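K.L.:
These are the residues of each chain, in order.
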Amino acid sequence: MNIARRMLAAAIIAVACGLVSSVSHATSTTGTVAVTATTVASVSLTFVSDGSGIALGNSGTSAASVAFGSVQAYGGAVPPGVTKTLNGTTSWSLSTPIDVVVQVANQTSSNYTLTAGLQTADTTNTWQLGGTSLTTTAATLTSTGTYGSTPYTFMLTIPLTEAAGAISNTINFTATAN
Amino acid sequence: MHRFLLLACALVFCCCCASAQDELTLVMQIDSDPSGIVVSGSGTETASISFGSVRAFGGTVPSGVTESLGVNSWTLNTLIDVKVSKGTLDVLDELSTSYTLTAQLETADTINTWKWNSLTLSTTAATVTATGVYNSTPSYSFNLTVPFSESAGSIANTIEMTATAN
Numbered sequence: 001m002n003i004a005r006r007m008l009a010a011a012i013i014a015v016a017c018g019l020v021s022s023v024s025h026a027t028s029t030t031g032t033v034a035v036t037a038t039t040v041a042s043v044s045l046t047f048v049s050d051g052s053g054i055a056l057g058n059s060g061t062s063a064a065s066v067a068f069g070s071v072q073a074y075g076g077a078v079p080p081g082v083t084k085t086l087n088g089t090t091s092w093s094l095s096t097p098i099d100v101v102v103q104v105a106n107q108t109s110s111n112y113t114l115t116a117g118l119q120t121a122d123t124t125n126t127w128q129l130g131g132t133s134l135t136t137t138a139a140t141l142t143s144t145g146t147y148g149s150t151p152y153t154f155m156l157t158i159p160l161t162e163a164a165g166a167i168s169n170t171i172n173f174t175a176t177a178n
Numbered sequence: 179m180h181r182f183l184l185l186a187c188a189l190v191f192c193c194c195c196a197s198a199q200d201e202l203t204l205v206m207q208i209d210s211d212p213s214g215i216v217v218s219g220s221g222t223e224t225a226s227i228s229f230g231s232v233r234a235f236g237g238t239v240p241s242g243v244t245e246s247l248g249v250n251s252w253t254l255n256t257l258i259d260v261k262v263s264k265g266t267l268d269v270l271d272e273l274s275t276s277y278t279l280t281a282q283l284e285t286a287d288t289i290n291t292w293k294w295n296s297l298t299l300s301t302t303a304a305t306v307t308a309t310g311v312y313n314s315t316p317s318y319s320f321n322l323t324v325p326f327s328e329s330a331g332s333i334a335n336t337i338e339m340t341a342t343a344n
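Protein chains in written order, with the numbering used here: chain A, 1 to 178; chain B, 179 to 344.
In case anyone wonders, no lab produced these hints; they're calculated from the structure.
Careful, some of the hints might be misleading.
What the hints assert, rightly or not - To give an idea of the chain B side of the interface with chain A (calculated C-beta under 7 Å), a few residues: (1) 216; (2) 225; (3) 232; (4) 257.
What the hints assert, rightly or not - From chain B, some residues computed to sit far from chain A (all C-beta separations above 12 Å): (5) 212; (6) 213; (7) 234; (8) 239; (9) 241; (10) 286; (11) 288; (12) 296; (13) 300; (14) 302; (15) 314; (16) 335.
Unchecked claim - Sample of chain A residues facing chain B (criterion: CB under 10 Å; computed from the structure): (17) 27; (18) 29; (19) 33; (20) 36; (21) 106; (22) 110.
Just so it is clear, the structure is predicted and the values come from calculations on it, not from any experiment.
In this text, a Cβ means the ideal position worked out from N, Cα and C, and glycines have one as well.
Based on the sequences and whatever the hints tell you, model everything.
P.N.:
What follows is the structure, encoded as structure tokens:
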């Protein structure tokens, strides 16, 4: 009996020690997550429908499209935001503003240079952006562009002598941070 | 004589018990989330993630990372799992039914924004949860937001987490 009591006493002491030990060390743990990243400077060029212009396909992206639909020099209708002009007896033009949005990230740059060129040569029609005629050689639209949204008037001039039919081309833009 | 012997045995047992508790108390384990970035050191309490070379516009991000653009900044987001277990021999921990998890940055960062489950981190510990469930593996959303105006270069910091038994 004495031995049993003594063993019980020892067990109680042991448990007490365990409790004391538990209290003596913090019941907490820690962990860490080290995070690394290397940021690289970048420039964004997107096209957005102008409030006064034609509705762009894929507005807000860097690959937008403009569809004038079926149009004619005399009579007919043009899409909202498109202006049609008759240039005497030689040609007629369709014009619309397009917003070009250029943003810069993680680079010290006060302005940008914007160039544009036709993807495919067109010796019949005249393609203009902001008054600059476009060819397959990139032309500088501005060398001091202000970051943000800038409207450019796009104009397509079609000779009255040209046969009716589809006209299509792509304008390639490049924005470079200065 | 017998009393001294019993006391000695009890003390030896206490020491062994205490030693075991030191190893078997709360344990934190940081894991890769199936939908998140690969965590280096996954399964341990000392993990790391590397977003590599990233940019606001264009480029690519590692698998399990999403990038979003804001008006003046861009954000990298991923998921990381944190599991907290308790020791089986620790009396107090055994009585605990939940834990509190706090997180903080090791180094102050006044340029970038670091978020852990929408909680903006600073060098002061903030409570991520006060009701953490033991042995579960909740995923935490980690966001790093970089201003456009920041110069390109290296970004590094360490998120320190502490789990405390309630």
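K.L.:
Among the hints numbered above, which are violated by the structure, and what are their numbers in rising order?
P.N.:
Hints 1, 4, 7, 8, 16, 22 are the ones this structure does not satisfy, whereas the remaining hints hold.
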